[in-house]
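K.L.:
Turn these sequences into a full structure, and let the hints steer you where they fit.
Residue numbers (my numbering), protein chains in the order written: chain A, 1 to 286; chain B, 1 to 286; chain C, 1 to 286; chain D, 1 to 286.
Note that these hints are calculated values from the structure, not bench results. Treat the hints loosely; a few may be bogus.
Note that identical chains are pooled: a pair holds if it fits in a single copy or bridges any two copies.
When the alpha-carbon atoms are kept at most 30 Å apart in a straight line, the in silico BS3-like pairs for lysine-lysine are as follows [to be verified]:
hint, residue 1, residue 2
1, Lys185, Lys250
2, Lys87, Lys274
3, Lys132, Lys250
4, Lys23, Lys132
5, Lys124, Lys140
6, Lys113, Lys87
7, Lys140, Lys250
8, Lys186, Lys137
9, Lys222, Lys140
10, Lys33, Lys140
11, Lys250, Lys133
12, Lys124, Lys23
13, Lys185, Lys221
14, Lys113, Lys33
15, Lys186, Lys140
16, Lys186, Lys132
Computed from a prediction, not measured in an experiment: that's the story for all the values here.
4 protein chains.
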Amino acid sequence: MRKLSVFVALLFLSTAIFAQSGKVYDNLSLPSKILKMDRKYAVYLPPDYETSTRTYPVLYLLHGSGDDQTGWVQFGEVLRIADNAIKEGTATPMVIIMPDANTGRRGYFNDPKGDWNYEDFFFKELVPYVEKKYHIKSDKRYRAVAGLSMGGGGSFVYALHHPEMFSSACPLSAATGPLTIEDAKKQLMRTIPDVADSVVTQYYNRQSVVALVNAVPDDQKKAVRWYIDDGDDDFLYEGNCMVHIAMRKKEIPHEFRVRDGGHTWTYWRESLPKVLEFVSQAFHQY
Amino acid sequence: MRKLSVFVALLFLSTAIFAQSGKVYDNLSLPSKILKMDRKYAVYLPPDYETSTRTYPVLYLLHGSGDDQTGWVQFGEVLRIADNAIKEGTATPMVIIMPDANTGRRGYFNDPKGDWNYEDFFFKELVPYVEKKYHIKSDKRYRAVAGLSMGGGGSFVYALHHPEMFSSACPLSAATGPLTIEDAKKQLMRTIPDVADSVVTQYYNRQSVVALVNAVPDDQKKAVRWYIDDGDDDFLYEGNCMVHIAMRKKEIPHEFRVRDGGHTWTYWRESLPKVLEFVSQAFHQY
Amino acid sequence: MRKLSVFVALLFLSTAIFAQSGKVYDNLSLPSKILKMDRKYAVYLPPDYETSTRTYPVLYLLHGSGDDQTGWVQFGEVLRIADNAIKEGTATPMVIIMPDANTGRRGYFNDPKGDWNYEDFFFKELVPYVEKKYHIKSDKRYRAVAGLSMGGGGSFVYALHHPEMFSSACPLSAATGPLTIEDAKKQLMRTIPDVADSVVTQYYNRQSVVALVNAVPDDQKKAVRWYIDDGDDDFLYEGNCMVHIAMRKKEIPHEFRVRDGGHTWTYWRESLPKVLEFVSQAFHQY
Amino acid sequence: MRKLSVFVALLFLSTAIFAQSGKVYDNLSLPSKILKMDRKYAVYLPPDYETSTRTYPVLYLLHGSGDDQTGWVQFGEVLRIADNAIKEGTATPMVIIMPDANTGRRGYFNDPKGDWNYEDFFFKELVPYVEKKYHIKSDKRYRAVAGLSMGGGGSFVYALHHPEMFSSACPLSAATGPLTIEDAKKQLMRTIPDVADSVVTQYYNRQSVVALVNAVPDDQKKAVRWYIDDGDDDFLYEGNCMVHIAMRKKEIPHEFRVRDGGHTWTYWRESLPKVLEFVSQAFHQY
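P.N.:
Right, here's the structure in full:
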């Protein structure tokens, strides 16, 4: 009897202490049939993940160009910032998945040439894989996407292509794709000099955030909660302002912030607590 | 005897109290030959204004449409906010002049018809009058302009028309005038149905903030320090975003903020401390 | 009787309130026979100056080149900073005299040509004048000198020429004069192309802070308490470091600080509270 | 049974507690072929080191003369200070390696006589060893060096000899080697009375920090981020001031601080949080 009570007391104590700190793994991988290779990812597990038997909401947190799945861990300080937000109650405990989109510098989208279908991989392989592997809730309400720069573009496009998948999307300092058909053509001609007009139109319609916003059906205007943030010194100012204007004209509810700063991790480390708070408002209701 | 000594004591006391807290007068006026009438204004004097003999920098703080010189006093809490900022050292002691532009709802500019030359009144009568009446420094370095909505438009236009007059300008939730020639024509036709094209062009060139920004000569890009602030729910979102884009493309240094909120005094009371801090950076140097 | 008690109560109340805020006058002047003109100065009087009948220590606070007696008032925020330091007890109440050395840009020293004997004016006219006009103690213990840039040079040279006059000296971002005889010659030849060697030597011996430090007699090493402060981005780094080295080798006790910053008022506003605290240590003993 | 369950519970508990606080080991060692002996070192592991699987940046933190690998642990309070800085977010989680250079008092450099090649040991044996043993990132960006006194000299010389190895270097109260060829000769003659001039020159060029600074090629001026700190009462004032002057003249960006204090652990315990913050700025980007 004594044995048991000591054990229980120690278990209780250790649980209490465990509640203080989450865990990060930054070098995991999963096999992809679509991409015909293994793809890496990092994961943040909240402080009570290993001691509680419950399921958690999930945030997909996307890195920028030239970086990989370790970016939000090393530069973004996701462990400390998420731990603090959960401890303070501004964020609810959640799992954070940080996939690597970057080997070969090809990013989050399906390539127009068809040999890099990362968007397909994300929805058909990554999401089912992590939802099976971790204690993650699989309803739209409990799933969010956020990211910076190229990953901000990913956040915009994923949530506009799949509003049935995410309750919240938080593009930070986002690449917003071509602003016009002409921009789209110029971008494509860099790799496909004789690109056909039909390919340009299709690309524009799929990758221009302004075009995607303008195409949102009336009954989908409130399908996703948006938090858009871009520093006043960021070089991506035009696209983000034009998306804000397009969303206002279209009457799509969204939060928009322009704070002091540029395209830097100092800026994004300040954005992250706001992202965690914003997605948590959907995760644990208002 | 008793009357006198109590009077003296009260006078002494009142002098003493001034030293703690600034003073606001919200119903003063000056005669205007240009406008052929008396015009009202309010003034904020910093805590040490009456006990120290020195000269002060000056901020012209402009109200919005439908309001008058009492707006920043009653709704804007200028006394409490300026006193606090000065006490904390985020702002340097300054005089704040709040003119009334609004009787007849005609605003801060010279009317195209020529019967309401408020901009002339401001520079030729108001500024000289208050610089004589109060202990105000009269160099550009020590003069700033800020305002909200219609007064944000005034801040933009005054500082773009007269960059030699202001070290800093802070338009808040600003009306930015016509974005295009077509907009300008539509606006004018409300009051002048058969308006001539030359009048439209002249009006556009004088009142469109985007046009004024695009016309800034290269050697004047750093003539004025800018702090521009507009809530993400403000109905004036498009003009302010387009000015931000125009200034970025033109490489005119400026601070731009989009915070959470709309066209409300709650928003502007949060802006005011930042305005006082920003203009003080020029007033007491970096 | 009631009359009197009301009067006394009000007087007491007003005194209490007066104790919160000092006074600044920034446009005073005194006649100078030596300079054959009126010279301006500013003064800070501590919060209790007008209600107490006592005498105060005095700090002479010198502006930099291109500035005048209003610099420490407008840019240096001497009123708020001294009031706060006195209120918090880190500084003892003192009078602060800020003379204008700058009309004609000729500075704090006697010109080698003999037509601008400001140093003589300072000691023979300004000090006696203000010690008579204000309630100032006239012992060395209660007199200090501080200043920035050109005024830092003034602080060094005045206290090294007249160690019997100051208990403390605080040169900030100081101009330290010629480092070598060759430097001295070059400096003089700008205005006196055919300057005589004897004039160069005399100038070097009088104006080089390193030379003055090396010439301090053994029994005078502790005559003045020194607080020397220069930002790591300041362009006057070499002179200040060489003075620190010279003082260390000569075993002249001194405080030396290199903080983060350049030749800016942001730096000097952070220095001023330390200066007030340092000179107060002599004024009210340890 | 009881034994086992208590054991399991304690193991579980100890894992849990690690998550709160980093760990220090101060009596580890590695074999050295170059030095023909085992060399000791201490290590600090950040709070999440054992629960998360990720890689970390690394700081090499060097002790002073007369001390050993336990100095920063016992006197420097590295565990408490690093834990606090990481918790507050001023520092990013990192591994800290504290090698022992001191048995026989021979220090961090290759001895001119050739029988103590510690610098070779450091780069060829220690760095590869710890990068293999611990979860350490091995890019320059994630590697920094800091140290005090003799270890400040090590920080200077290692980063000047190997700018390709360190993103940041932080010499504290550093020994800066001979200031002149004459100094170098005097130093060498203590152990090699008939030292050849060529040996003196070689020694000066390799060990004088001022000489090394003056020899930095133009394209390497920004290769390393520098934080240099030396108390105003420190006996090593001259060398550190001369290095500051040399770097300013050479236009090598660097931070330089002179705070109040001497060659004491009180001083260095105040330096350590600044060092951790400074190196973290490179580790997690701005």
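K.L.:
For each hint, tell me whether it holds in the structure or not.
P.N.:
These are the hints, each one checked on the structure:
no., hint, in the structure
1, Lys185 - Lys250, "both (25 Å within a copy, 25 Å between copies)"
2, Lys87 - Lys274, "both (15 Å within a copy, 19 Å between copies)"
3, Lys132 - Lys250, "neither (37 Å within a copy, 51 Å between copies)"
4, Lys23 - Lys132, "both (19 Å within a copy, 22 Å between copies)"
5, Lys124 - Lys140, "within (15 Å within a copy, 38 Å between copies)"
6, Lys113 - Lys87, "neither (46 Å within a copy, 47 Å between copies)"
7, Lys140 - Lys250, "within (23 Å within a copy, 38 Å between copies)"
8, Lys186 - Lys137, "neither (42 Å within a copy, 39 Å between copies)"
9, Lys222 - Lys140, "within (13 Å within a copy, 39 Å between copies)"
10, Lys33 - Lys140, "within (25 Å within a copy, 35 Å between copies)"
11, Lys250 - Lys133, "neither (39 Å within a copy, 51 Å between copies)"
12, Lys124 - Lys23, "within (26 Å within a copy, 33 Å between copies)"
13, Lys185 - Lys221, "within (28 Å within a copy, 33 Å between copies)"
14, Lys113 - Lys33, "within (18 Å within a copy, 55 Å between copies)"
15, Lys186 - Lys140, "neither (36 Å within a copy, 37 Å between copies)"
16, Lys186 - Lys132, "neither (41 Å within a copy, 47 Å between copies)"
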